[in-house]
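Engineer: Sequence:
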Amino acid sequence: MANQSLLDNQLHIIGETKFKEFSVINNFWNKQHEFIKEWNEVYSTMNTILRKETDLIEATFYNNSVGFVPEDGEVIISALSYINNSTQMFASHVSELFSSVLDSLDMKFQEIENEFKSAGYSQKSKQGDIVNEKIITLYHSLSTTTSLTITKMFTDMLDDYYKYFRMGITFIEESDKFKQMKETINKKITDEKLKFQPQTVTYANVPISAILKDEHRTTRDLPRVIENIHMCLMKNGLNTKGIFRESTATTNVIQEIYMRMSVTNFLELPPDVTAAVYKKFLRELPNHIFNLSQTMELAERMNTIQNTEENIIQLMKNAVNQLPEELKTLFIHLLRLCNKIAQNEQINSMGSKNLSVCLTPSVFSISEGENGQYVLPSLLNLLTNYINHFNKLFPRFADPINQQQKVSRISMVSERPSQRLSASTETNKPFLQHTNKIPSQHSSSSVSIKKPIIQHPKVEVEQPKTSSPVIIQRKALSTSLPTTTQKKTTLTRQTINPRIIKKQTSETKDDGNELQEILSKRRKAMDY
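Take 1 as the starting number for the sequence shown in our numbering and just add one per residue.
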């Protein structure tokens, strides 16, 4: 009862606000009728009438009372000043232009005015009954249309001025703002398709199956507006902090947008507001995605099932398969959106648990009282698992890029520095392996060899430092081993590449001859 009273109060406030705004718009267009009437009747007072119209446009745009753009008003006012200095040659054509626009809008004004009167609103009594969805939808459509029509109407008027008065060339050709305004308004009309406004479909408190039927869509499709909401949130909402939990819009604003969902362009709204409207839509469905009996059964099974990943996944699959096709489609797309949001938890602070807290009352049918409080933890855990295991549950809807491939790519990249390091130190590797055999017989010599190899890679022959690791190894072998012949490992150019290591052996001779032989072979290998 308290919730219904709060909702009625919100609807009363919305109704009063919309009627006041409608009166302002209606008053503006009534004055347009007066403008054309005076234009046709009194050509001699053309300059006076244009001045009057210019003042009206200025007051309307700069007060921003009916949603006009001040930048457009600046261009229009400048244009009317040009027209004010011209003659009456194009008066008849302008009259026809204005009349056609006003005639098309009169029907819209009359329709919404009748709806306000039916609800008890009038100029004398500005308070009426609870505003309904049709009034909110018609008013939004009217305000959007008039906001674009006024700019379009004056743009066409300026085009006529250019045709009939050569002096208009100065304004049109030298005004970048006018060109930009004309291009922008034509693009908006094309994008919004306001020339042929599509038939509105009721979304508030309507089952998904009924919406799909009105839109001639199948049960494997999302409703048109819900599809647009998902597209907007995927594009702009994945990094929005606190999405589905916080909103910058008031409850009245969210309620109003909810009641005109079919004619709302959600790309123009902040992502947090779009998410709040979507959450309200799910919560206000006559039947939630999971009805009361399904909800209670799932909660009970979550409490009794053996807590293993395999059992929980099977439980979740069975529950989804029992849903009607249209609710199954809606639920899968909702989980996909939540999974994408949860992947950006470090940015948006909305992991799977936080999302579950926000959306569980909108997905499951939870009764009031102790029973609802009893099953709530199980349902929160269930929805969290749905989000976390989305890719396993619904692989057809998962991201096309294999996650393991991503990990392997990252691992390969992280290994590159070590590969470069091994390549740079490969020349020392054969000698370190060889000297590891020395400590068993000549441990003291092995220590004296290992230290200079690592710390002093380039020293002279006759000193502890040598000009090459090969020379160090030769000296170590000659001092540590009693044998007169020893197989010696030398490096070729391929040794630098860690994938190709070629070992060449030769019997050692005296120090001078072997040094010359080693250096000669090394030069040949480098030349090769």
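Keep in mind the hints are simulated off the structure, nothing from the lab.
All of these numbers come straight from a predicted model, not from anything done at the bench.
Mixed in with the good hints there might be a few duds.
With a cut-off of at most 20 Å between alpha-carbon atoms, the simulated SDA-like pairs for lysine to any residue come out as follows [said to hold, decoys possible]:
no.	residue 1	residue 2
1	Lys-163	Lys-179
2	Lys-213	Asn-228
3	Lys-177	Ser-23
4	Lys-134	Ser-23
Engineer: Evaluate each hint against the coordinates.
Structural biologist: We went through each hint and held it up to the structure:
1. Lys-163 to Lys-179: It holds: about 16 Å lies between the C-alpha atoms, which stays within 20 Å.
2. Lys-213 to Asn-228: Holds, at about 18 Å.
3. Lys-177 to Ser-23: Measuring from Cα to Cα gives roughly 31 Å; hence the hint is violated.
4. Lys-134 to Ser-23: OK: Lys-134 and Ser-23 at ~18 Å, within 20 Å.
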